[in-house]
Amino acid sequence: MLDGQMAQMEALYRSHGPALLRYLQRSFGSHADAEDLLQETFVRALSGGDDWPQVRSPRAFLFGVARHVGLTVARRAKLRSTEPLTDVAAAEAGGEQVDGRICQIRAAIARLPEQIRQTLELRLHDELSYEEVAMVLEIPVGTVRSRLHSAMRMLRDEMETRNEMEKSS
Amino acid sequence: MNAEKLDGLLVDYSLGAVPEDVAMLIEACAKNDPAIRKSIAAYRGVAELAKRAGDAPSPSLPAFPRQQMERARYSQQARRAIRWVAAAAACVVIGFLGGTRWSGPVSEVATPVVQVNAPAGPAADVQVAAATDFWSVARLRAYAKRQALAANVHSVSADAWNVKSWADIQRIGG
Numbered sequence: 096m097l098d099g100q101m102a103q104m105e106a107l108y109r110s111h112g113p114a115l116l117r118y119l120q121r122s123f124g125s126h127a128d129a130e131d132l133l134q135e136t137f138v139r140a141l142s143g144g145d146d147w148p149q150v151r152s153p154r155a156f157l158f159g160v161a162r163h164v165g166l167t168v169a170r171r172a173k174l175r176s177t178e179p180l181t182d183v184a185a186a187e188a189g190g191e192q193v194d195g196r197i198c199q200i201r202a203a204i205a206r207l208p209e210q211i212r213q214t215l216e217l218r219l220h221d222e223l224s225y226e227e228v229a230m231v232l233e234i235p236v237g238t239v240r241s242r243l244h245s246a247m248r249m250l251r252d253e254m255e256t257r258n259e260m261e262k263s264s
Numbered sequence: 783m784n785a786e787k788l789d790g791l792l793v794d795y796s797l798g799a800v801p802e803d804v805a806m807l808i809e810a811c812a813k814n815d816p817a818i819r820k821s822i823a824a825y826r827g828v829a830e831l832a833k834r835a836g837d838a839p840s841p842s843l844p845a846f847p848r849q850q851m852e853r854a855r856y857s858q859q860a861r862r863a864i865r866w867v868a869a870a871a872a873c874v875v876i877g878f879l880g881g882t883r884w885s886g887p888v889s890e891v892a893t894p895v896v897q898v899n900a901p902a903g904p905a906a907d908v909q910v911a912a913a914t915d916f917w918s919v920a921r922l923r924a925y926a927k928r929q930a931l932a933a934n935v936h937s938v939s940a941d942a943w944n945v946k947s948w949a950d951i952q953r954i955g956g
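Chains as they are written, first to last, in our numbering: chain A, 96 to 264; chain B, 783 to 956.
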């Protein structure tokens, strides 16, 4: 049974590991930190092995554990990155062709309030459903919905304002 | 439906989070209403851009940390065992303390008053009182009776053997 549990964990690691690593890297620090956090996430998830039969979405469960692990470590080490999406220079150095509008939206997302930004990122970048986002952030689904509505309206308004400014100039 | 609710629904639609039937309704409305079409286009554009903004090259996944996981599993089992033992010990202690605290005062075992008649002859054997009541009246009475038999005391009246206290024993012995 225990070997079965370990095999299950390995399968989850293979399927959700890359997304979790991206999430941890984006939210909590460098690649090396993220790898440590990912490992800690799976160790913690194994410790909570008794709860697995009750887990509806393993992906959301793992994201929730990863978030807790990241927050705990960040609180301890204060390594939390505050502007994960505005590091345009790093993206360019990585060979990514960054066009102007993506730059703008990155800046706009970075200016969103923390909670709203987290919710948006989990939905758009990690492709979690509203219910899964709610599980990860431990908030009601209605709150997820309203945060996403706010985020999209803010971004739309900001992009429209910028477009008008560009047109007028 | 008010404008705000409709706007929220359009956001959900552009994020791909509405059921199939609702999506069909929105599409039907959008065909006849240019404002809805414009809103949907704006939200979809924002969602698409935001998604692209977050796209990052897939990081290389390190090997599955099997060793650490095994270690964690063993320590988890050890912790669980310790918890069980601690819980069992706590139950025993609580039971013991509760038992001594809440049980009533220990009632004295009523010592039956045994009417001992004068033996017919020296051959009669005398039952020794239970070993548990070492200092009980019954035991002392039995002791006194043995002493009396050993001394061939047969002339003691029946009343004299009605021993109920230390004073009675002293009286017989005296």
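The set of hints was computed from the structure by calculation and includes no laboratory data. There's no promise every hint is true.
Below, simulated DSSO-like cross-link-like pairs (lysine-lysine); rule was C-alpha separation at most 30 Å, straight line [claimed, not checked]: (1) B:820 / A:262; (2) A:262 / B:833; (3) B:820 / B:787; (4) A:262 / B:813; (5) B:787 / B:813; (6) B:787 / B:833; (7) B:833 / B:820; (8) B:813 / B:833.
Derived, one-sided and incomplete: chain B residues facing chain A with beta-carbon distance under 8 Å [to be verified]: (9) 801; (10) 805; (11) 826; (12) 854; (13) 863; (14) 865; (15) 872.
Cβ atoms here follow ideal geometry from the backbone N, Cα and C, with glycine treated the same way.
Taking the hints in turn, this is what the structure says about them:
1. The suggested pairing of residue 820 of chain B with residue 262 of chain A holds, with an alpha-carbon distance near 19 Å, which does not exceed 30 Å.
2. With a CA separation close to 25 Å, the supplied pair residue 262 of chain A and residue 833 of chain B stays within the 30 Å bound.
3. The hinted pair formed by residue 820 of chain B and residue 787 of chain B meets the criterion: a straight-line CA distance of about 16 Å does not exceed 30 Å.
4. Pair hint residue 262 of chain A plus residue 813 of chain B holds up; C-alpha atoms about 29 Å apart against a cutoff of 30 Å.
5. In summary, the hint linking residue 787 of chain B to residue 813 of chain B is supported, as the alpha carbons are separated by about 19 Å, within the 30 Å threshold.
6. Between the alpha carbons of residue 787 of chain B and residue 833 of chain B the distance comes to roughly 24 Å, so the proposed pair stays at or under 30 Å and holds.
7. Restraint check: the Cα-Cα separation between residue 833 of chain B and residue 820 of chain B comes to about 20 Å, which is no more than 30 Å; the hinted pair holds.
8. Pair hint residue 813 of chain B plus residue 833 of chain B holds up; C-alpha atoms about 26 Å apart against a cutoff of 30 Å.
9. Among the interface hints, the one on residue 801 of chain B is violated; its C-beta lies about 12 Å from the nearest C-beta in chain A, farther than the 8 Å criterion.
10. A cut of 8 Å between beta carbons decides the hint on residue 805 of chain B: the least distance to chain A is about 15 Å, and the hint is violated.
11. Using the Cβ-Cβ criterion of 8 Å, the hint placing residue 826 of chain B at the interface with chain A is not satisfied: the shortest such distance is roughly 10 Å.
12. The criterion of a C-beta within 8 Å of any C-beta in chain A is met by residue 854 of chain B, whose closest approach is roughly 4 Å, and the hint holds.
13. Interface restraint check: residue 863 of chain B against chain A, minimum CB-CB distance 14 Å, threshold 8 Å, status violated.
14. At its closest, the beta carbon of residue 865 of chain B sits 12 Å from a beta carbon of chain A; the interface hint therefore is violated under the 8 Å criterion.
15. The closest approach between the C-beta of residue 872 of chain B and any C-beta of chain A is roughly 21 Å, which is over the 8 Å cut-off, so the hint fails.
Hints 9, 10, 11, 13, 14, 15, counting from the list given before, are not met by this structure.
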